[in-house]
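Assemble the whole structure, with the sequences as input and the hints as a guide.
Just so we're on the same page, the numbering used here is the position in the sequence shown counted from 1, plus 5.
Here are the simulated lysine to aspartate or glutamate pairs, DMTMM-like style, with alpha carbons at most 20 angstroms apart: (1) Lys461 <-> Asp549; (2) Lys401 <-> Asp549; (3) Lys404 <-> Glu388; (4) Lys294 <-> Glu361; (5) Lys13 <-> Glu241; (6) Lys295 <-> Glu368; (7) Lys348 <-> Glu368; (8) Lys294 <-> Asp258; (9) Lys348 <-> Glu373; (10) Lys461 <-> Glu485; (11) Lys505 <-> Glu520; (12) Lys399 <-> Glu515; (13) Lys352 <-> Glu373; (14) Lys167 <-> Glu520; (15) Lys330 <-> Glu373; (16) Lys352 <-> Glu362; (17) Lys200 <-> Asp536; (18) Lys198 <-> Asp534; (19) Lys295 <-> Asp258; (20) Lys518 <-> Asp396; (21) Lys10 <-> Asp220; (22) Lys352 <-> Asp258; (23) Lys295 <-> Glu361; (24) Lys399 <-> Asp549; (25) Lys505 <-> Glu515; (26) Lys131 <-> Asp90.
Derived by calculation from the structure, the hints in this document are not laboratory data.
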Amino acid sequence: MFRQKSTKEAIGLMLQAENMMEKGNSSGALNILSRAITKAPGKEGEEGELVCRLLTLRSKALSALEQHELALKDTQTALCVGVPDPLARAQLLRTQGHAYFSLGDQMRAKLAYISAQRLLDPKNSKSNQLKLDLDEEIAKCLNATKNNTKKDDHSDENTCPKLTGGENQSIPNTSLLLGVQESAQTGRFIVAKSKVDAGDLLAAEPAYCCVLLLDKAGTHCHNCLARLVAPIGCPECSGVAFCSRECQKTACDTYHRIECHFLNLFIGLGMSILAQLALRLVTRAGSAKKFLHLWDSVHRPAEGVEEQSVSDYRRLLRLVNHPEKRGTRDYLSRTLMAVFLLKCLQKSGRFWPLDEEISSEEELKVAEALLRHLCLLQFNAHEVFETLAWDRTKVKGTKTHYIGVGVYLSIALFNHDCNPAVARTFSGTKMLLHALRPLHPGEMVGENYGPMFSNKTRAERQRSLRARYWFDCACQACSENWNTFDQGIKSPDKTEALQKMFDMGFEAMEAGKLEGAVYLLSQFINTIDGDVIMPDREVCLSIDALRLCLMNLWGNVVVIQPLKSEEKIQSTLDESTVQITELLTLEDVK
6 MFRQKSTKEA IGLMLQAENM MEKGNSSGAL NILSRAITKA PGKEGEEGEL VCRLLTLRSK
66 ALSALEQHEL ALKDTQTALC VGVPDPLARA QLLRTQGHAY FSLGDQMRAK LAYISAQRLL
126 DPKNSKSNQL KLDLDEEIAK CLNATKNNTK KDDHSDENTC PKLTGGENQS IPNTSLLLGV
186 QESAQTGRFI VAKSKVDAGD LLAAEPAYCC VLLLDKAGTH CHNCLARLVA PIGCPECSGV
246 AFCSRECQKT ACDTYHRIEC HFLNLFIGLG MSILAQLALR LVTRAGSAKK FLHLWDSVHR
306 PAEGVEEQSV SDYRRLLRLV NHPEKRGTRD YLSRTLMAVF LLKCLQKSGR FWPLDEEISS
366 EEELKVAEAL LRHLCLLQFN AHEVFETLAW DRTKVKGTKT HYIGVGVYLS IALFNHDCNP
426 AVARTFSGTK MLLHALRPLH PGEMVGENYG PMFSNKTRAE RQRSLRARYW FDCACQACSE
486 NWNTFDQGIK SPDKTEALQK MFDMGFEAME AGKLEGAVYL LSQFINTIDG DVIMPDREVC
546 LSIDALRLCL MNLWGNVVVI QPLKSEEKIQ STLDESTVQI TELLTLEDVK
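Structure below.
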């Protein structure tokens, strides 16, 4: 059940990629090489040399596609692994220099070119030609430095906005505008502590822990869930891929070294994503010793300033799991899953050392933790998604695409509302909550767990929430039995100024001016608050439009490029290209 590496398959794919590059098909070569890199064994010796060769080829393909930052990463990774042949290392340094130069860093480009020259053998004819080429490139660097040609740094693009009002120290990663209340009926929940306006950023929280959907292993990073362009693999298996060496190291030093040999078993069993997340909450510690320290620490009274990891895990275990509502059948199924996950940890030989006798007390603690995780995740896990779009500036035709599941310790405190007060977007695995409508002090700040009044009747919403989350919703939309969106109320005519603001907001959205649209739609919603009877059709339209604009402006947006007819023909002819090109085609939209 273990998806092994294959030198033979990796070499076959490399030969295909070399053929594509000779024909000028750098895009196709990139896809094939990415697959080959995840298939190639990551050991030292000849197999390590294969990885270096593949990375070198891919850096050239990326450079040809003007993906210079990714090309630079590949050259750095290859040099770290080790390129034994001096000429090959010189050629790799030349590619690295080209990447630096294209990114506007002439100084590092020049150093890379000079380092390449020092590796050349004057007796080798290939070296002589390469030296001449490097001389020209060094001259370009010197000339560019004199002319001070420096390209813009785009590293701050799509930077996460700041929390409105500053950060709340009592509720980490949320705004100072928020507070917590508690009641016997609803437990702890988030309320507005101060006036909140539409458009305010109320939360920006990184995932405490997240898991990628298993069927996204070929398209997204196993660690950070980012879309893959130039992935690298696990040193042991070919079932996962990472976007960078940093993500690879994070995963392979902790949870993935334990889970690696079981992923195909999980797929074969059809194991739920929540069960995987329950396991990840244990394996992320890296070993039984570290996890048991965490478990024991949270079961002792807190004294003084706690370690951050202990404080966070204590917050996780405080999340609601409704033990009083669980029946014997429910506990039995979750206990069986906890025992299965415990057996996987025992068999891995990496959670507990193979030469160490495992005590029954330790096994019981880990099993108890797994069962606790399985129970609380039922009510506190969030789906992580990206937005598929034809154009980042156009909201029409966008589609939400789920890629994983995460747990968010502060955002888990937001209760459900069928008319949500916030829009959920993701920047990486960080969840952002923007206000969609004004809120007054003391008012609950509701997010949405799935069913909304706009497209489901009250009976449908109540049935769904009762089955999934075990509560009867008493929000305004349910209490007043609001009509669905297609039967929304049309309030009396707005003032001319309000109507103009409404129209301008939608015009800005249609024109792709998303920041302007967010401002105008927020102003319209804030100004009209309290003057209409909900569900007012135009207000509901504005709220939905604001949500879509925020998703495209701040969320994980993947721009889908339709294949040209000739590319479709080529993809049909090349079966292996089809398998990898799923990264960029409309296959994920269906």
